Amino acid sequence: MTNASVRRAAGRSLAVLALLAALLVFWEVYRWVWTSAGWTWPFVVTDTSMPHVWTIAKAFGQPAQVNQPPLITVLLHKALFTAKEAAVGFALGAVIGFTLGVALVHSRTLQRGFLPYIVASQTIPILAIAPMVVVWVNPKLPSNLQGWGAVAVIAAYLTFFPVVINTLRGLQSADARALDLMRTYAASRWTVLWKLRVPTSLPYVFSALRIAATACVVGAIIGELPSGLQSGLGGAIINFNQYYSIEPQELWATNIVAAALGIIFFVTVVAAEKVIVHRAPEVPT
Amino acid sequence: MSTHEPVVRVEGVSKIFPRGNVVALQDIDLTLAPQEFVSLIGPSGCGKSTLLRVIGDLIDPTAGTVTINGKPARQARSDHDYGIVFQDAVLFEWRTVSKNIALPLELLGWDRARRKARVEEMLELVELQQFGDHHPWQLSGGMQQRVAIARAFAFEPALLLMDEPFGALDEMTRERLNLELLAIWQHLASTVVFVTHSISEAVFLSTRVVVMSPRPGRIAGLVEIDLPSPRTAETREEPRFFELVTQVRELLRLRGEHLLPEEEQLLREAAE
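Same order as they appear, the protein sequences are chains A and B.
When we follow the working numbering, the leftmost residue of the first sequence carries the number 749, and every step to the right adds one.
When we follow the working numbering, the leftmost residue of the second sequence carries the number 10, and every step to the right adds one.
Worth flagging that the hints you see were computed from the coordinates, not collected in a lab.
A quick note: this is a predicted structure, and the numbers were derived from the prediction, not measured.
Please note that the accuracy of each hint is not assured.
Calculated pairs, DSS-like style, for lysine-lysine (alpha carbon to alpha carbon, straight line, at most 25 Å) [stated by the list, open to error]: (1) A/LYS888 x A/LYS832; (2) A/LYS806 x A/LYS943; (3) B/LYS125 x B/LYS108; (4) B/LYS108 x A/LYS943; (5) A/LYS943 x A/LYS1022; (6) B/LYS125 x A/LYS943; (7) A/LYS1022 x B/LYS108.
Derived contacts from chain B toward chain A, CB cut-off under 7 Å, selection only [stated by the list, open to error]: (8) THR71; (9) ALA72; (10) ARG86; (11) ILE93; (12) PHE140; (13) MET181; (14) PHE250.
Using N, Cα and C, we set each Cβ at its ideal position, and we do this for glycine too.
Take these sequences, add in the hints, and give me the full structure.
Quick look at the structure:
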C-alpha cells in the first residue's frame, strides 16, 4: 500500500466513525426533544421504545441472567454460531447460483423452463418454507451438522437467487466482437466460458454476492426461529423479545451485534472483489 | 505471385440478409496470393466488412465458396488459420497486455516458456516492451490497437483479417501505425485482408486495392499498387502515390453516379 492509499483508508474509517457518532448524538437529541415537548407522533418516546445509548452500551457489560457471563460474551458466541450457518449458506448459495447461471446461459430452453420457478421460489416467505426445510433436511444430516445444517440451507435459499440472476446477466454481457474473436480462434464453448464469459461476469457476480452477503445473515437468523435453535442470534432475538417491556436494551444490543455481523460479511465480499476483479477504475469520461 | 497456391480463393460468393432482403454481396470473386496485402475499400453498405466476415467464416455466404490454403473456410478456422483485428482493440480488460497477446497462444496449447518468448518478441515489434504488465485501460487508444495487432500476429496465422483497425484513431497515430503494420507484415511475411474507409491508407499499405460499390455489394474494380517496397513516410509524397489515389477515387466515383445524397456524403468523407 502506498502512503496515499493508507491516508485514504484512514480518512474513510474516520468518516465512518464520525457518522456513527453523529447517529448516536441524533438518537439522544431526538429522545430529548420528543420527551420534553411531549410529542407522541409517530410513537411515544420512553425508556422502553428508545432506551438511552448508554443503557444499551452498559447492557453489553452486564449478564442478562444471573450467574452468566456478560451479555457481550454470550452474544459473540451466538454471533459466531450464526456466522457459521450464514457462511456455509453463503458458500452453498453462491455455488448453486453460479452453477445454475452457467447452465442457464447455455440453454434457452432451460432458461425459459427454469427461470419462472426460480423467481417464484423467492415470492414465498422464508418463514413459510423454513419449517419444511428443517423437517426435510435435518434427518439426512450427520450428527455434527444437526440443527445448524438445515439453517445453512435456509440461508442458501436466500443467497442463491441474486447470484443466479446476476451470473446469467453477466455471462450474457460478453462483447459481441470478443465472441467473434474467440470464434476466429476456434475456441470451444468451454474455453469461451472460462476465458471470456466468466471473467466478464465477475463484476455482476460480485454485486450479487454483496446482496447475498447480508441476505445470508438474515436467512440464518430467520432460519433459526422455526428450528428452535438457541445457540444463535435468532434464538437470542426470540428470547429478548419476550422481555422487551422490562429490558429493551438487551434486544437492542442483540440487533447491533446482528447488524455488525452483516456488515462484516459485506465488507469481506467487497475486499475479495478488490483482490479478484481487475477492472478499469470508474472515472467520469 | 501467380506461381503460388492462393491463400484466399473467393468464388461466386453472395450474401443476402433475410431481414429486409438486403443483398450485401453479389457474385464476388477474389484471389489472394501469399504475402499479399489487399485492401477492401468502398462506401458504407458496400459489403466490405461482410466480405471480410465471410472470408473469416464468421458468417456463412448465401452462395459460393471460400477456400483458405485449399481448405474450406470452416476447416481453416478450426486449424487456427485466422488472426483478426477490429476497429476497437477488444482487449480483455482483466488481462495484462502480455496476457492479452498470449491469449491465442494459450488456446493453441503453447507451453508457458514458448508463450513468454513470443509475447516478448511481439511486444518489441509493436514497441510496447515496458507495458507488458499494464492493464489495457492504462494505455492510449493507439497503444491498445498495437496490442490487438500483436495478439493477431502472435501465432503467425495464415491470414490476417483487419476490419478498419485504425478507423477510430487520429490521423497522426494512424500514419505511424500504418508504418508499424507494414514492418510487421514484412517481418512475418503474412497475408492480409484490410478493410478501410480511407483511400490514402488503402493505397499506402496495399499490394492491391479492391474497390467495392454498394447495393448490391460488388467489386467495382481492382487497382494494383506498384509503389516500391518498403514504403516510408516519403511514399505518401511521390507522384505515383497520388496517381494511384486518384485512380481509386475515380473508381469509387464512377460507381457513385446513382447514389442517394447521404451515400454521396459518405463517399466524399471516404475520399477525404
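Does B/ALA72 pass the interface hint, meaning its C-beta sits closer than 7 Å to a C-beta of chain A?
-> Given a least distance of 22 Å, the restraint on B/ALA72 is violated.
Hey, A/LYS1022 versus B/LYS108, does the alpha-carbon distance stay inside 25 Å?
-> holds (20 Å)
Hint check: is the beta carbon of B/ILE93 less than 7 Å from a beta carbon of chain A?
-> Given a least distance of 5 Å, the restraint on B/ILE93 holds.
Does the nearest C-beta of chain A fall within a distance shorter than 7 Å of the C-beta of B/ARG86?
-> holds (5 Å)
Restraint check, 7 Å cut-off on beta carbons, for B/PHE140 near chain A = violated (15 Å)
Under the criterion that the straight-line Cα-Cα distance not exceed 25 Å, is the pair A/LYS806, A/LYS943 satisfied?
-> violated (54 Å)
Using 7 Å as the Cβ threshold, decide whether B/THR71 counts as touching chain A.
-> violated (19 Å)
Given pair status - A/LYS832, A/LYS888, alpha carbons within 25 Å = holds (19 Å)
Regarding the pair B/LYS108 and A/LYS943, is the alpha-carbon distance no greater than 25 Å?
-> Holds, because 11 Å separates the two Cα atoms, which is no more than 25 Å.
Is the hinted pair B/LYS125 and A/LYS943 satisfied, with a Cα-Cα distance of at most 25 Å?
-> holds (18 Å)
With a cut-off of 25 Å on the C-alpha distance, tell me whether A/LYS943 and A/LYS1022 pass.
-> This hinted pair holds, its Cα atoms lying about 20 Å apart.
How about B/PHE250: closest beta carbon in chain A under 7 Å, or not?
-> Since chain A brings no Cβ nearer than about 32 Å to B/PHE250, farther than 7 Å, the hint is violated.
The earlier numbered hints that this structure contradicts are 2, 8, 9, 12, 13 and 14.
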